[in-house]
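Engineer: Single-letter residue listing:
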Amino acid sequence: MRNFTSVHDVKDPVSLIREGISLKINPWGNVHLGKNKTLGLIFLNPSLRTRLSSQKAGQLLGMNTIVMNMDKEGWALEWTDGAIMNTNKTEHIKDAAMVLSLYCDIIGMRCFPTLTDREADYSEHVMKQLIKYSTVPVVSLESAILHPLQSLADGMSIFEKWNKSKKPKVVLTWAPHVKALPQAVSNSFSEWMQAIDVDFVITHPKGYELAPSFTKEVQIKYEQEEALKGADFVYVKNWSAYEPYGQMPPVEKDWLLSEKKMKVTNGAYIMHCLPVRRNVELPDELLDGKRNLTPLQAENRLYAATVVLKRILENTKS
Amino acid sequence: MRNFTSVHDVKDPVSLIREGISLKINPWGNVHLGKNKTLGLIFLNPSLRTRLSSQKAGQLLGMNTIVMNMDKEGWALEWTDGAIMNTNKTEHIKDAAMVLSLYCDIIGMRCFPTLTDREADYSEHVMKQLIKYSTVPVVSLESAILHPLQSLADGMSIFEKWNKSKKPKVVLTWAPHVKALPQAVSNSFSEWMQAIDVDFVITHPKGYELAPSFTKEVQIKYEQEEALKGADFVYVKNWSAYEPYGQMPPVEKDWLLSEKKMKVTNGAYIMHCLPVRRNVELPDELLDGKRNLTPLQAENRLYAATVVLKRILENTKS
Amino acid sequence: MRNFTSVHDVKDPVSLIREGISLKINPWGNVHLGKNKTLGLIFLNPSLRTRLSSQKAGQLLGMNTIVMNMDKEGWALEWTDGAIMNTNKTEHIKDAAMVLSLYCDIIGMRCFPTLTDREADYSEHVMKQLIKYSTVPVVSLESAILHPLQSLADGMSIFEKWNKSKKPKVVLTWAPHVKALPQAVSNSFSEWMQAIDVDFVITHPKGYELAPSFTKEVQIKYEQEEALKGADFVYVKNWSAYEPYGQMPPVEKDWLLSEKKMKVTNGAYIMHCLPVRRNVELPDELLDGKRNLTPLQAENRLYAATVVLKRILENTKS
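As you go down the protein sequences, you meet chains A, B and C in turn. Heads up, the first sequence is in numbering that gives the first Met the number 0, so the first residue is 0 and it goes up one at a time. Heads up, the second sequence is in numbering that gives the first Met the number 0, so the first residue is 0 and it goes up one at a time. Heads up, the third sequence is in numbering that gives the first Met the number 0, so the first residue is 0 and it goes up one at a time.
Treat the hints as calculated values from the structure; they're not laboratory data. Watch out, some of these pointers could steer you wrong.
A pair counts as met if it fits within one copy or between any two copies, since identical chains are not told apart.
Unchecked claim - With a Cα cut of at most 27 Å, we get these calculated DSS-like pairs of lysine-lysine:
(1) Lys-23 with Lys-36
(2) Lys-23 with Lys-34
(3) Lys-160 with Lys-88
(4) Lys-178 with Lys-36
(5) Lys-93 with Lys-36
(6) Lys-160 with Lys-93
Assemble the whole structure, with the sequences as input and the hints as a guide.
Structural biologist: Have a look at this one:
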């Protein structure tokens with residue numbers, strides 16, 4: 000693996016999920032792999048889980064890690080080729096990526112969407128410019144439209160909890176929120192669920208359809224209750240509309256899950272990428288209950304980052 | 000020791016002080032103790048000494064250290080159980096503490112008081128919520144009402160400088176300042192001085208009484224000069240009023256120390272936790288003089304943090 | 000070497016340049032030199048290359064590195080001796096430097112000029128106060144008027160690219176910009192070029208004369224084309240006026256370089272310290288061309304920092 004920015008960078012997603020899980024047996028077992036290698040983590044946006052799990056993953060692999068809040072500690076970046084840089088942007092990604100590549104062996108970057116310029120966001124302009132101008136591997140720590148480390152951790156969590164021969168039914172349900180959120184986690188989860196062998200359903204209010212390219216053959220249901228029937232895993236997530244982009248069309252029905260609503264499921268696990276707005280996106284009664292899978296997902300974020308970095312380090316060596 | 004948030008977490012404060020001092024002989028002698036352990040340092044407020052001494056203490060113990068400015072780099076935290084999170088708070092401490100516990104073996108946190116909500120501050124709501132929801136040990140890097148690492152370093156400094164058989168006289172004196180400061184350093188110093196064998200006196204203007212729970216059997220004097228008589232150590236610190244909470248009632252007399260005022264002491268050492276407003280809280284003539292103990296206190300901050308982390312690591316192992 | 004703040008701290012600049020280049024053969028060869036030593040990096044201003052290359056240099060030498068954005072994470076510093084600290088400055092450099100010296104074995108600091116108070120800037124007041132009150136060696140990560148790590152890297156880059164017996168002609172040319180920039184890179188480059196054996200020329204519009212102390216015996220030409228003739232290296236850099244200080248007097252002619260303008264040179268290499276405003280300071284056609292030396296300069300920033308830290312560590316030991 001050279002870069003890790005989506006499921007399409009992974010030859011065999013199931014094998015990656017299984018290797019990620021296997022790392023939990025001996026977390027420090029690969030501490031010699033990253034000796035004298037530097038991991039550069041570039042943040043254009045806030046982060047807790049990603050920041051900590053990536054740093055810790057670097058430590059598990061014996062790497063030196065440098066964290067940089069580019070917007071606060073460095074220079075405002077210009078992302079457009081050929082720009083006449085007479086505004087407030089101080090350094091071009093072409094030059095910044097060249098420099099980062101000189102000091103780092105792997106670069107991770109987090110960049111959120113504009114939620115106003117759909118074309119720019121969905122072209123992955125920012126992440127692609129970094130990859131274009133870096134001479135070292137790049138790992139997405141969440142891009143404008145994808146969050147593959149989260150989805151990998153989600154896949155690991157489902158695999159760990161499922162040991163029946165039949166496929167699990169996995170439902171991604173839209174949840175209420177107070178502000179417009181990116182579609183990255185949902186797009187990415189949809190991609191990964193299609194890449195592994197599960198029965199996958201998405202449910203959301205009309206007007207909240209995800210980008211068609213991410214939901215091609217996925218069943219979409221506008222009735223939450225119908226979607227939840229017989230579910231084994233329920234992934235809860237808010238996202239803003241794809242059309243009109245970044246907006247929050249009014250929703251009439253009550254989309255907040257509850258223990259009562261969960262009764263139609265097959266005793267399903269509750270999943271969420273965190274951070275979660277308690278009692279807005281998910282009620283305490285579910286987050287504090289026994290079927291809450293978010294701690295396992297958060298734990299797996301560490302091993303997702305570790306297995307991705309491990310694969311890249313192995314590839315660099317060979 | 001499981002957590003370190005006040006003198007009450009320590010079975011034998013004198014033994015801890017003595018062990019802290021003993022670490023100075025061979026600072027790197029315990030570098031294998033924290034191997035493959037991660038120290039997470041969470042800052043909700045600015046810090047210089049605490050930030051650097053805690054990071055360095057982690058290094059002395061061979062730990063991997065991750066520093067996180069939660070307010071700037073992560074998410075705004077909700078601290079109230081059962082909250083409907085529809086304001087600007089993005090993540091609940093319940094979930095954040097769970098996640099931090101997954102990636103870190105020990106968590107340190109700094110959180111300042113509101114200085115407006117006395118009940119919340121004096122309940123140690125924020126620190127207690129972190130402890131409640133963490134599954135790993137927690138170290139206070141200064142809380143709303145206490146600063147135990149500072150007090151431990153202060154105790155070490157007094158022990159190092161005192162080799163007479165009689166008890167030293169230690170005076171905590173209020174000092175002027177331009178803005179309302181927390182009571183944490185003063186509360187904490189009072190607790191620790193009561194826990195070790197010294198003759199302890201507090202002096203401050205009327206209206207600046209500390210919380211009664213921290214000064215139970217301590218002599219309080221409103222006349223600074225009288226308090227200073229025969230002092231061996233003079234701890235200088237500003238704090239805002241406990242009642243009316245966080246206010247700065249007017250002070251008529253001149254409370255700024257001077258060489259002249261110090262003449263009634265027993266050639267006392269000057270102590271301060273730093274940062275200090277020179278010529279407002281303490282004059283240059285004292286801070287630049289030979290009896291200034293603040294460099295020793297600052298040096299001992301390092302070994303205070305080291306001995307606390309060492310004790311917790313040892314406890315975790317057994 | 001005790002401190003590194005200008006070329007005058009270096010006995011033999013050519014020897015330092017050559018040793019810096021020699022480190023590239025075996026970057027990790029000195030990893031035992033900094034064992035159990037701590038490098039403190041203090042930033043009062045933004046930084047990308049300096050931040051990353053200094054951290055990585057610390058790693059190459061096996062040092063523990065602590066990065067501190069003093070303005071954002073710590074306390075606002077007072078730099079003036081004797082100040083009555085009743086404004087917004089919370090800690091005096093006298094106390095902060097004492098504390099930093101307790102936890103760190105070497106301190107690096109970046110501090111930009113005011114561009115309004117020429118006397119303060121050109122006295123190097125801020126850097127000198129740090130040195131005055133530190134008890135450990137200090138490395139400039141760019142000061143108000145000098146950027147010696149950049150100049151050392153620039154010297155290394157010229158040495159690596161020049162293998163003829165005759166002296167190279169090195170031209171420093173002023174370039175347009177949208178805002179007033181410090182003179183530090185230009186002053187420093189001028190100092191270093193005078194200290195090594197090159198034919199050095201500065202060209203800039205009238206009104207942009209650098210401080211006389213930095214250009215004593217240097218040829219100044221107001222005609223860019225004339226200066227460029229036969230150049231082997233062209234260093235491109237904007238700076239604001241020394242008189243009236245920090246201002247941007249209007250410039251009539253077009254000072255932006257181009258391939259066409261470069262034709263009078265001896266196929267010269269293009270140099271710039273970065274960050275560069277593309278198509279304002281330098282056009283894409285030159286930055287994306289084969290004679291662009293900025294990647295080598297950025298790479299050499301790492302070895303410049305490493306050789307300086309190495310020399311200081313060696314000096315500390317003996």
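Engineer: So, for every hint listed, does it hold in this structure?
Structural biologist: Structure-based check of all given hints:
no.: 1; hint: Lys-23 with Lys-36; in the structure: both (22 Å within a copy, 16 Å between copies)
no.: 2; hint: Lys-23 with Lys-34; in the structure: both (20 Å within a copy, 18 Å between copies)
no.: 3; hint: Lys-160 with Lys-88; in the structure: neither (47 Å within a copy, 31 Å between copies)
no.: 4; hint: Lys-178 with Lys-36; in the structure: neither (40 Å within a copy, 38 Å between copies)
no.: 5; hint: Lys-93 with Lys-36; in the structure: within (23 Å within a copy, 35 Å between copies)
no.: 6; hint: Lys-160 with Lys-93; in the structure: between (44 Å within a copy, 23 Å between copies)
Hints 3, 4 from the list above are not met by this structure, while the remaining hints are.
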